[in-house]
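Asks: Sequence:
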Amino acid sequence: EVVQGWSNSQNGVLPVIVCGDFNSTPESAVYELLTTGRLSPSSIPDDPYGILPPVNQMHHSLPLRSIYPAVVNSEATYTNYTQKFQGTLDYICFTQNSLRGLAVSNTYSYEELSAETALPSPTQPSDHILTVGVFAYT
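Residue numbers for the sequence shown follow this note's numbering, so the first one is 9 and each next one is one higher.
Hints listed in this document are in silico derivations from the structure and should not be mistaken for laboratory results. C-beta: ideal position from N, C-alpha, C; glycine also. It is possible that part of the hints are untrue.
To be verified - Restricting the straight-line Cα-Cα distance to at most 20 Å, the calculated cross-link-like pairs of lysine to aspartate or glutamate (DMTMM-like) are:
(1) Lys92 to Glu124
(2) Lys92 to Glu120
(3) Lys92 to Glu40
(4) Lys92 to Asp55
(5) Lys92 to Glu119
(6) Lys92 to Asp135
What the hints assert, rightly or not - Pair ranges (Cβ atoms, derived):
(7) Val21 to Gln94: 35 to 41 Å
(8) Tyr145 to Thr85: 26 to 32 Å
(9) Thr131 to Gln65: 44 to 50 Å
(10) Arg46 to Leu22: 17 to 23 Å
Put together the whole structure using the sequences plus the hints.
Replies: Structure follows, in structure tokens:
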């Protein structure tokens, strides 16, 4: 809400980058909400305790896009590689109306990561793989 209000005060052209470990795969409701601004009703699991707001109340109007698909047409295959989970959990999203993705850091192949067995390792200090994006103002 704070970012949305700030963006609205700048006529919607304020560059915004939202990034981090979202603990959610590209197939998740979190990713859908982040990158599309809304959720389809089928995205939300059953909520027997009534904790979640109605799906039509979970939305935002920031034109966010993840940088990996913007630059290389798909999310990184791995941003986290442990014995129990291998996949993408980390994202760098940006406002498409004020920024353009130019480049992203290389990702590791399955062969490179499986040689480590799991992260962290002697050569990789975290269970998350560094992700970097380069942007230009539009």
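Asks: Take the hints in turn and mark each one as holding or not.
Replies: Status of the hints after comparison with the structure:
Of the pairs offered as hints, the one joining Lys92 and Glu124 holds, with about 14 Å between alpha carbons and a cut-off of 20 Å not exceeded. Annotation: proposed proximity of Lys92 to Glu120 holds, straight-line Cα distance about 17 Å (limit 20 Å). Annotation: proposed proximity of Lys92 to Glu40 is violated, straight-line Cα distance about 24 Å (limit 20 Å). Note on Lys92 and Asp55: the hinted pairing is violated, with a Cα-Cα distance of about 26 Å set against a maximum of 20 Å.
With a C-alpha separation of about 17 Å, the suggested pairing of Lys92 with Glu119 holds against the 20 Å cut-off. A distance of roughly 11 Å separates the Cα atoms of Lys92 and Asp135; the hinted pair therefore holds under the 20 Å criterion. In this structure the supplied range 35 to 41 Å holds for Val21 paired with Gln94, their Cβ-Cβ distance being about 38 Å. Separation of Tyr145 from Thr85 is about 29 Å and conforms to the stated range, judged on CB atoms against 26 to 32 Å.
Roughly 45 Å separates the CB atoms of Thr131 and Gln65, a value that falls within the hinted 44 to 50 Å. In this structure the supplied range 17 to 23 Å holds for Arg46 paired with Leu22, their Cβ-Cβ distance being about 21 Å.
In the structure shown, a violation is registered for the earlier hints numbered 3, 4, in ascending order.
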